[in-house]
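Student: So the chains spell out like this:
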Amino acid sequence: MTDWAAKAGLLVMAAISMVGCTTTAHVQVEQTFPTVVAEPRQVSAAIVMDQTFRTYQAFPLKNTDIAFGTAQVDLWGKAFRGLFQQVEVVSAREEVSPDTELVIIPSVQEVQLSTPSQSYLNVFEVWIKFRLDIETPDGVPIDSWFLPAYGKTPDSALLSRTRAIEGATVVALRDAGAKLILDFYRIPAVHVWFEQRLAAVDP
Amino acid sequence: MKNTLILLLLSAGMLGGCASTTTIDDYRPTTELIRISSEEKVAVLGRRDAGHYETDGKFIECIGNQLDGSHFEVVGEQEFVDALYPWFEPRTAPKGIKRLRKLMNDPYIKARVNERNIRYLVWLDGEVESAGHTGTMSCGMGPTGAGCFGYASWDKNVFFEAVVWDLMDVTEEARIRVDAEGTSYVIGIVAPIPLISPVKSQACQGMGDKLKSYFSEATG
Numbered sequence: 001m002t003d004w005a006a007k008a009g010l011l012v013m014a015a016i017s018m019v020g021c022t023t024t025a026h027v028q029v030e031q032t033f034p035t036v037v038a039e040p041r042q043v044s045a046a047i048v049m050d051q052t053f054r055t056y057q058a059f060p061l062k063n064t065d066i067a068f069g070t071a072q073v074d075l076w077g078k079a080f081r082g083l084f085q086q087v088e089v090v091s092a093r094e095e096v097s098p099d100t101e102l103v104i105i106p107s108v109q110e111v112q113l114s115t116p117s118q119s120y121l122n123v124f125e126v127w128i129k130f131r132l133d134i135e136t137p138d139g140v141p142i143d144s145w146f147l148p149a150y151g152k153t154p155d156s157a158l159l160s161r162t163r164a165i166e167g168a169t170v171v172a173l174r175d176a177g178a179k180l181i182l183d184f185y186r187i188p189a190v191h192v193w194f195e196q197r198l199a200a201v202d203p
Numbered sequence: 001m002k003n004t005l006i007l008l009l010l011s012a013g014m015l016g017g018c019a020s021t022t023t024i025d026d027y028r029p030t031t032e033l034i035r036i037s038s039e040e041k042v043a044v045l046g047r048r049d050a051g052h053y054e055t056d057g058k059f060i061e062c063i064g065n066q067l068d069g070s071h072f073e074v075v076g077e078q079e080f081v082d083a084l085y086p087w088f089e090p091r092t093a094p095k096g097i098k099r100l101r102k103l104m105n106d107p108y109i110k111a112r113v114n115e116r117n118i119r120y121l122v123w124l125d126g127e128v129e130s131a132g133h134t135g136t137m138s139c140g141m142g143p144t145g146a147g148c149f150g151y152a153s154w155d156k157n158v159f160f161e162a163v164v165w166d167l168m169d170v171t172e173e174a175r176i177r178v179d180a181e182g183t184s185y186v187i188g189i190v191a192p193i194p195l196i197s198p199v200k201s202q203a204c205q206g207m208g209d210k211l212k213s214y215f216s217e218a219t220g
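These protein sequence lines are chains A and B, in that order. Using the numbering used here, the first residue of the first sequence is number 1, and each one after it goes up by one. Using the numbering used here, the first residue of the second sequence is number 1, and each one after it goes up by one.
What the hints contain is simulated information worked out from the structure, not anything from laboratory work. Source: prediction; values computed, not measured. Take these hints with a grain of salt, some might be off.
In silico DSS-like pairs for lysine-lysine, Cα to Cα no more than 27 Å straight-line [said to hold, decoys possible]: (1) B:110 with B:98; (2) A:78 with B:156; (3) B:212 with A:179; (4) A:62 with A:129.
Partial selection, computed: residues in chain A whose CB lies under 7 Å from chain B [as the list claims (entries may be wrong)]: (5) 170; (6) 174; (7) 175.
Across the chosen pairs, the derived CB separations fall in these ranges [what the hints assert, rightly or not]: (8) B:108 with A:92: 57 to 67 Å; (9) A:40 with B:115: 44 to 54 Å; (10) B:171 with A:133: 16 to 26 Å; (11) A:35 with B:27: 53 to 63 Å; (12) B:155 with A:41: 26 to 36 Å.
Each residue gets a CB set at the ideal place from its N, CA and C atoms; glycine is no exception.
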């Protein structure tokens, strides 16, 4: 082997090693979620998921982005169908049907990511803070509910960084759906609204 | 001849060291077997709510495979959790019979369980811990070749608990705890030679056999 070939080989090896050490991750979450097993209440609601929400991309760390817009649209669509008998998913507030009783506008407030190099734990963790603006069709606010969700990988061993972050994000989204089903009607303002609505329908 | 004997004794000693000890404790409220028909199914799930560990997915799969040869069908964790979403997520999964009763009183949840013919639930909880790392091994690479020299060993402790719930009668049917421990070695004589103690697979085998022995075919 010539000296030139040996140097070229070394350079290629060094380049591969350097690429292996960078921590850039573009994570695209394209998960579909199961339908919810719950009895929906006799309420017609409109869920406003605008373009920003539908194409949401979080930048929790430098060189790491997580795009979970498509996945969260699927999740919220299914989760709200477990709460309300009629659900209309629209892209803008103006598209809400006149016979709607409740308007909900979900948004992502914050996304945090913890990696094994930061936490010294053998897991990737994702926290997502959602906000649900709950309004009447006339735009009167009922409540702004903050919904924190958490997800982690069982074990980061043998997982690529991208796969691990994707896995933790899916668990966090599932957790958000679970919290919504569990707690939505326990929100004091929603509870009061629902009781008033029941009284108005069946005095 | 003498050297061969020493080598054989050393190898036997090493392999003997790799052996693991498995202890199985079980509790059942009755000595009667758990009746299950061939149409009914058993779901095997892992606990995911502890902060510092999660029940090993491979162990859950292993127990599922152990039960799979029985006369009943085994439902995988993901399939069960998806079918009953969101009631068996880490946030919502019932920790005890009281909460399970509440869930099974929900007609929607009950209907989904009946529709899928899932009669029993096996909850697995536990982890594998490594401790007592000793020895050193160094590996190197030079122009003439590469190699490892040295010796390393570590202890592996495994504990798992299985709890069997009857989803129809909403009762706890059995509780099994398996503890296993063993020491693994890596000897570096040019190439690293691992001598891994099969603690997890032995714990799985022990627990799987015990679980299987509880079930008997219901007729009529």
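Student: Hint compliance check: list the failing hint numbers for this structure, sorted ascending.
Tutor: Violated: hints 2, 3, 5, 8, 9, 10, 11, 12.
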